[in-house]
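**Q** Chains C and H supply the protein sequences, listed in that same order.
If you're matching positions, the first sequence starts at 122 in our numbering and goes up one per residue.
If you're matching positions, the second sequence starts at 654 in our numbering and goes up one per residue.
Note that these hints are calculated values from the structure, not bench results.
It is possible that some hints are incorrect.
A partial selection of chain H residues facing chain C, derived with a Cβ cut-off under 7 Å [what the hints assert, rightly or not]:
id	residue
1	705
2	709
3	710
4	937
Every residue gets a Cβ at the ideal spot worked out from N, C-alpha and C, and that includes glycine.
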Amino acid sequence: MKKTYKIEVDCANCAAKMEEAAKQTQGVKEAVVNFMTLKMTVEFEEGADREAVMDNVLKACRKIEPDCEIYYKK
Amino acid sequence: MTKKQRKNLIRIVVSGVLMIALLWVPVDGWLRFGLFLVPYLIIGYDILLKAGKGIMNRQPFDECFLMAVATIGAMTVALTDSGDYTEAIAVMLFYQIGEWFQSYAIGKSRRNISELMDIRPDYANVEDENGELEQVDPDDVEIGTVIIVQPGEKIPIDGIVEEGASTLNTTALTGESVPKSVQVGDEVLSGCINNNGLLKIRTVKEFGESTASKILELVENASSRKSRSEHFITKFARIYTPVVVYSALALAVLPPLIQMIFSGGADWGTWIYRALTFLVISCPCALVVSVPLSFFAGIGGAGREGVLVKGSNYLERLASTDTVVFDKTGTLTKGVFEVTAVHPDIIDQTELLHLAAHVERYSIHPIAHSLRAAYPDELDDCSVECVEEVAGHGVKATVNGSVICVGNEKMMRSVGAAIRECRHEHTGTVIHVARNGEYMGHIVISDVEKPTSRQAVKALARVGVRKTVMLTGDSEKTAAKVAADLALDEHYSELLPSDKVNKVEELMENHSQNKQLVFVGDGINDAPVLARADIGVAMGAMGSDAAIEAADIVLMDDDPLKIAKAIRISRKCMRIVKENIWFAIGVKVVCLLLGAVGLANMWIAIFADVGVMVLAVLNAIRAMFVKRL
Chain C
122 MKKTYKIEVD CANCAAKMEE AAKQTQGVKE AVVNFMTLKM TVEFEEGADR
172 EAVMDNVLKA CRKIEPDCEI YYKK
Chain H
654 MTKKQRKNLI RIVVSGVLMI ALLWVPVDGW LRFGLFLVPY LIIGYDILLK
704 AGKGIMNRQP FDECFLMAVA TIGAMTVALT DSGDYTEAIA VMLFYQIGEW
754 FQSYAIGKSR RNISELMDIR PDYANVEDEN GELEQVDPDD VEIGTVIIVQ
804 PGEKIPIDGI VEEGASTLNT TALTGESVPK SVQVGDEVLS GCINNNGLLK
854 IRTVKEFGES TASKILELVE NASSRKSRSE HFITKFARIY TPVVVYSALA
904 LAVLPPLIQM IFSGGADWGT WIYRALTFLV ISCPCALVVS VPLSFFAGIG
954 GAGREGVLVK GSNYLERLAS TDTVVFDKTG TLTKGVFEVT AVHPDIIDQT
1004 ELLHLAAHVE RYSIHPIAHS LRAAYPDELD DCSVECVEEV AGHGVKATVN
1054 GSVICVGNEK MMRSVGAAIR ECRHEHTGTV IHVARNGEYM GHIVISDVEK
1104 PTSRQAVKAL ARVGVRKTVM LTGDSEKTAA KVAADLALDE HYSELLPSDK
1154 VNKVEELMEN HSQNKQLVFV GDGINDAPVL ARADIGVAMG AMGSDAAIEA
1204 ADIVLMDDDP LKIAKAIRIS RKCMRIVKEN IWFAIGVKVV CLLLGAVGLA
1254 NMWIAIFADV GVMVLAVLNA IRAMFVKRL
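Looking at chain C on its own, in the form it has when it is part of the complex (with noise of 0.2 Å):
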């Protein structure tokens, strides 16, 4: 199951760790951060609670970067 959510972020390095941090997360199979459209697609694992996992997403990528934003909530 992919989904691609729009993100707000400053620079280009703290996109490429965003990346990371959402590749690391668990119940995310594989995460591209396109810093140039500003949107993440994510890949979530086999019956992975999507919200869920975004929730962590989303607090993994604060910790490297306080002030960035995923827009992954209806």
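Put chain H on the given structure of chain C with help from the hints.
**A** For chain H alone, coordinates are given in the frame of chain C:
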């Protein structure tokens, strides 16, 4: 400018002015420190804050942390030693200017590129019961609804013209600047702009499945496939920063310790200052931002020329193309059959075409279509009756009282007409015509080459493509003629779709490792080959979903010339990427060395960081300008 950008610009200006003004204030010691602290905090408070958060989250190599350490260090050096606080403030100031510029430039190119792909229709006009126009969300329009497109509006959904005639501006879709004229019965694609007439269009697709939506989706998802250069640079950044930070630490501690051991006195101030210079240079931002920005700009520029690239990895690979393999039908040729020769026996040419066109009046076979197209006055008052399609033979009909047979040799034999073999050199399909059992002559129908095909092959040779190959399911005779006409290096004929895959694999084995093989097809039955080749390019893909799915690059118009253009765009983009990588790394390394031996002060360090970033960003944006390539 966003709100944040405006706010930061004000901060930059205020703190800069304040800093310069304070230079004339004649105070010393702590008071001076206190005064200079004001512009420093104005410009740097958010960085200090972020640095603090970084430490709490155990992210020591955060660039804010580095900036904070470097400037706090410089402030301390100034307080205890020189009294020159401008350095610390300037570093913060320039850092912020760099950040501001980066965010502005990227925001701008983001907007530029989305503007040039501005084909998203916002609404559709539907007539309500009272005959009045109502604007509705295109998502809510069902298939088969009649929508109305006024002059100047975008066509929101693919459909067929029911009423009206107009010219369409297809620039956003195809990069083609000549308007396309449409009339009743023509298919129109969403994303085109209606130039003059009012059009009533019956939709044939849902909004989400329409061309405009498909293309937008593709563009928006492009560049999530990252290139090798991008991976290289993120990896490099991950190693670069820690290495520089540890070197800085070593630079601050080791030389003074050695001095202490050998001469007793240590020059801590100098070495700490040099170490701080190191920290300023250690931010990898210039590198990290410039590479994806170059690809983004390159993909955007290509899009404007009607070349959709699905990811930066494909753009990167395209630059090292050395073999281009073409499918024939629909790629090098129009894929539409046209009458190319008329050889009558008794009657004249027009009469022969006239008869053939009449017989084919009601047939939907592609050959019938081309025969009718060759005789435009087909709908005259001649009577056409008793039309009968004879499977595997042709069509029979009574035209003005005589029985006319149009078909192949078998059909001629069955009605007893004596065929005259065609004496001319041709490569198409021969259609024979007989009247009341008497042979009237034949018409040759063949697929014609696209007008730009020959030029396209030449252009490929000019951009350094070593080999051009054509694959086709067609007969050897036809293939050889086309290959010779277009001056292709090799051709393989009579191939089934699976043979094409094998052939491409064979060709890929034979060429060198780091060179790429491009396959160009029309995307309708070439999907496996498109997927198998290093880079699959689909042509004339407008409306063909299969092609958009399978291909890596989509040429929105049918023009094979665009292949060479796409290669040139990719080369330019790669050149810029390489320039940026070498320039940024080069300047940083030089500044690090100069800093280590004490030749570079913090001013040079901040240039190495911000200056390089600004130049790299400006250079990256150049990749967008591809019009005259």
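**Q** Each hint needs a verdict: does it hold in this structure or not?
**A** Right, here's what the structure says about each hint:
1. 705: Interface hint status for residue 705 of chain H: violated (10 Å vs cutoff 7 Å).
2. 709: For residue 709 of chain H, the interface hint is violated, since the closest Cβ of chain C sits about 9 Å away, which is over 7 Å.
3. 710: holds (4 Å)
4. 937: holds (6 Å)
In summary, the numbered hints that this structure violates are 1 and 2.
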